[in-house]
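Residue numbering for the sequence shown follows my numbering, beginning at 16 and increasing consecutively.
Honestly, the hints are just simulated from the structure, not real lab data. Watch out, some of these pointers could steer you wrong.
When the alpha-carbon atoms are kept at most 25 Å apart in a straight line, the in silico PhoX-like pairs for lysine-lysine are as follows [what the hints assert, rightly or not]:
#1 100 x 356
#2 178 x 21
#3 173 x 207
#4 399 x 495
#5 21 x 236
#6 338 x 356
#7 100 x 236
#8 348 x 396
#9 17 x 236
#10 176 x 271
#11 176 x 287
#12 271 x 236
#13 437 x 383
#14 495 x 338
#15 194 x 176
#16 207 x 178
#17 396 x 383
#18 190 x 271
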Amino acid sequence: MKRLNKDLRKDNQTYPEKVIQFGTGNFLRAFTDWMIDRMNRQTDFAGSIVIIQSTKNGTVDVINEQNGLYTLYLQGMVDGQPLRKYEVISSISRGLNIHNQYNEYLSLAESPALRFVVSNTTEAGIYFDERDQLDDSPQNSFVGKLTAFLYYRFTFFKGDKSKGLIIIPCELIEKNGEKVKQFILEYARVWKLEEAFIEWLHEANWFCNSLVDRIVPGYPKDTIEEVSAELGYEDQLVVVAEQYHLWAIEGPDWLKNEFPAEQAGLNVRIVKDITPFRTSKVRILNGAHTAMTPVAYLYGLDTVGEAIANADTRAFVEELIEKEIIPTIELPKEELISFAKAVMDRFANPYIQHYLTSIALNAISKYKTRNLPALIAYVEKFDKLPARMVFSLSAWIQYYRGYRNGEMIHLVDDEQVLQLLKQCWAEYDGSESGVRNIAATILSAESLWERDLTAIPGLTIAVAENLMNIEKFGMKEAIKKVGDIVESSVSDQ
Numbered sequence: 016m017k018r019l020n021k022d023l024r025k026d027n028q029t030y031p032e033k034v035i036q037f038g039t040g041n042f043l044r045a046f047t048d049w050m051i052d053r054m055n056r057q058t059d060f061a062g063s064i065v066i067i068q069s070t071k072n073g074t075v076d077v078i079n080e081q082n083g084l085y086t087l088y089l090q091g092m093v094d095g096q097p098l099r100k101y102e103v104i105s106s107i108s109r110g111l112n113i114h115n116q117y118n119e120y121l122s123l124a125e126s127p128a129l130r131f132v133v134s135n136t137t138e139a140g141i142y143f144d145e146r147d148q149l150d151d152s153p154q155n156s157f158v159g160k161l162t163a164f165l166y167y168r169f170t171f172f173k174g175d176k177s178k179g180l181i182i183i184p185c186e187l188i189e190k191n192g193e194k195v196k197q198f199i200l201e202y203a204r205v206w207k208l209e210e211a212f213i214e215w216l217h218e219a220n221w222f223c224n225s226l227v228d229r230i231v232p233g234y235p236k237d238t239i240e241e242v243s244a245e246l247g248y249e250d251q252l253v254v255v256a257e258q259y260h261l262w263a264i265e266g267p268d269w270l271k272n273e274f275p276a277e278q279a280g281l282n283v284r285i286v287k288d289i290t291p292f293r294t295s296k297v298r299i300l301n302g303a304h305t306a307m308t309p310v311a312y313l314y315g316l317d318t319v320g321e322a323i324a325n326a327d328t329r330a331f332v333e334e335l336i337e338k339e340i341i342p343t344i345e346l347p348k349e350e351l352i353s354f355a356k357a358v359m360d361r362f363a364n365p366y367i368q369h370y371l372t373s374i375a376l377n378a379i380s381k382y383k384t385r386n387l388p389a390l391i392a393y394v395e396k397f398d399k400l401p402a403r404m405v406f407s408l409s410a411w412i413q414y415y416r417g418y419r420n421g422e423m424i425h426l427v428d429d430e431q432v433l434q435l436l437k438q439c440w441a442e443y444d445g446s447e448s449g450v451r452n453i454a455a456t457i458l459s460a461e462s463l464w465e466r467d468l469t470a471i472p473g474l475t476i477a478v479a480e481n482l483m484n485i486e487k488f489g490m491k492e493a494i495k496k497v498g499d500i501v502e503s504s505v506s507d508q
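Please model the complete structure; the sequences and the hints are all you need to start from.
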C-alpha cells in the first residue's frame with residue numbers, strides 16, 4: 016500500500032509560512048491546522064504552518080516524510096445523525112526538531128511573512144524556568160524558547176513595529192495569552208534585555224487569550240487496518256476527532272480579517288472577552304457531564320452515551336441545561352441553546368465511549384468548580400433552588416457511600432474528602448435524622464466547598480430528602496421525584 020505524501024496528492028498548493036506552531040500532537044493537527052487548511056481553501060489567508068517539536072521524541076520526522084500531509088477523520092453527531100468524514104490536510108509546510116535544528120528555528124524569525132504563533136504545550140507547559148538563558152540552544156521552557164525567538168526577530172528587523180506577531184496559545188488554562196506575555200516579560204527582565212525590546216513587545220505584538228473545544232481521541236490504533244483499507248493508502252498520522260469545534264479568541268476586530276476563520280464557515284469567535292464562552296463551556300458541557308454522572312451511574316448506566324439513550328436520564332440532563340444552567344449565563348439565549356444542542360449531540364456520539372467512572376475522578380472538586388457557581392447564581396437570580404443541580408449534589412453524596420446495587424464503587428478523590436464522606440456514612444443509622452446529619456455535615460464542610468453551603472436556604476433539607484428517596488426507592492424512582500423535593504423544602508423554611 017502506498018504511503019501518503021505529495022507524490023500521492025498532486026493538487027497541493029504551497030503557501031508562505033505564516034504560522035509557527037509549538038506542538039506536534041493530535042489536538043492542534045485536528046483543530047488549528049485543519050482550520051488553516053480550510054481557510055486556505057475558502058479565503059485569501061494563503062498561509063502554511065511550520066511545526067516545532069520541543070520534545071526530543073515526537074512526530075516531526077514522520078510529518079516531514081509525509082510532506083506535512085495527514086488525514087483527519089471526523090466522526091460524531093450532526094443534527095442528531097451520526098456522520099463520518101475523511102479529509103487530507105495540507106496546511107503544514109514542514110516540521111523542525113528544535114533540539115538539533117535550533118539555528119533553522121531562529122532563522123524563521125527573519126521571515127517577513129511570519130505573522131502567527133500557536134501553541135499547545137499542555138497545561139503544565141506555560142511556566143517560567145529560571146534555568147533558561149538567552150544563549151541556550153534551546154531553552155528548557157516553551158516560553159523561554161518563544162522569548163529568544165521574539166528577541167531575535169526584534170533584533171533582525173531593528174525594532175520594526177510592523178514585524179510583530181499575533182500569539183494565540185491553546186493551552187487549557189485561564190488567561191493563557193496573558194500568562195505567556197507575563198513570563199516573556201519576566202525573561203526579558205532576568206536576561207536584562209533592552210527597554211526598546213519590552214516596548215516592542217507591548218506595542219507590536221498581540222497576546223490573545225483563547226479557549227479551545229473539540230474532543231480528539233487521536234490515532235485510531237485499534238482500527239488502523241480498517242481505516243487504511245478504506246483510505247487506500249498508509250498514513251502514520253491519521254487523527255480522529257469529533258465533528259464539533261469552537262475556538263474563542265480574545266482579540267481586536269481587525270484580527271477577523273487577518274485570521275478569516277469565520278469567513279471560512281468555522282466556529283471561531285474573535286471577541287473582546289472570552290469569559291462568557293469559558294463560562295458556558297464549563298457550566299454546560301463540563302457541568303452537565305459532572306451533574307449527570309452520579310445520577311446515571313446509580314441508575315445502572317456506565318457511559319455518557321447510555322445516559323443520553325435512556326429516557327429518564329436524558330430528560331434530566333436536558334432539563335438541567337435548559338431550565339437551570341442556561342438562565343445563569345450572560346450570553347444571548349439562542350447562542351446558548353445552539354451550544355446546548357451541540358453538547359447533547361456530542362454526548363450521544365456513538366463513536367466515543369466515555370465512561371462515567373472516568374468523569375467521577377475527583378468529583379467533589381469538579382462539582383465545586385463546574386456546578387456550584389451555577390447553583391449559587393441560580394439561587395441569587397431566582398431566589399429558589401435549582402432542583403436538578405441539588406439532586407445531582409445529593410447523588411454525589413450517595414455515590415460516595417461507595418456501593419451500586421451491592422457492588423463496591425472504586426472511589427478516587429483527595430484523601431481528606433474520602434475520609435469525611437466515609438465517616439459520615441459509617442455513622443448513618445438508616446433514619447431520617449441520620450440522613451439530615453449527613454447532609455448538614457457535608458454541606459457545612461468548608462474544606463470541600465470553601466464556604467458553608469448550609470447557609471443556602473432550603474438546601475440542607477432538599478439534599479436530605481433526595482438522599483432519603485435514593486436510599487428508600489433507588490435512583491430509578493428517586494429521579495422522578497426531583498421537582499417535588501425542592502418545592503417542599505423551600506416552603507418548609
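CA of residue 21 to CA of residue 236, is that 25 Å or under?
holds, 24 Å
So if I understand the rule, the pair passes when the alpha-carbon distance is 25 Å or less; does residue 348 with residue 396 pass?
holds, 16 Å
Taken at face value, is the distance from the CA of residue 287 to the CA of residue 176 at most 25 Å?
holds, 23 Å
For the pair supplied as a hint, residue 190 and residue 271, confirm whether the alpha-carbon distance does not exceed 25 Å.
holds, 20 Å
Would you check the hint for residue 100 and residue 236, treating anything up to 25 Å between C-alpha atoms as holding?
holds, 18 Å
Compare the distance between the alpha carbons of residue 173 and residue 207 with 25 Å, and conclude whether the hinted pair is satisfied.
holds, 18 Å
Distance restraint between residue 495 and residue 338, which requires alpha-carbon spacing of 25 Å or less:
holds, 16 Å
Is the Cα-Cα distance between residue 194 and residue 176 25 Å or less?
Cα-Cα ~22 Å, so holds.
Are the Cα positions of residue 100 and residue 356 separated by 25 Å at most?
The given pair, whose Cα atoms are some 21 Å apart, holds under the 25 Å limit.
Take a quick look at whether residue 17 and residue 236 sit within 25 Å of each other, Cα to Cα.
holds, 19 Å
Is the hinted pair residue 396 and residue 383 satisfied, with a Cα-Cα distance of at most 25 Å?
holds, 19 Å
Pair hint residue 207 and residue 178, alpha-carbon separation not exceeding 25 Å:
holds, 22 Å
Hints 2, 12, counting from the list given before, are not met by this structure.
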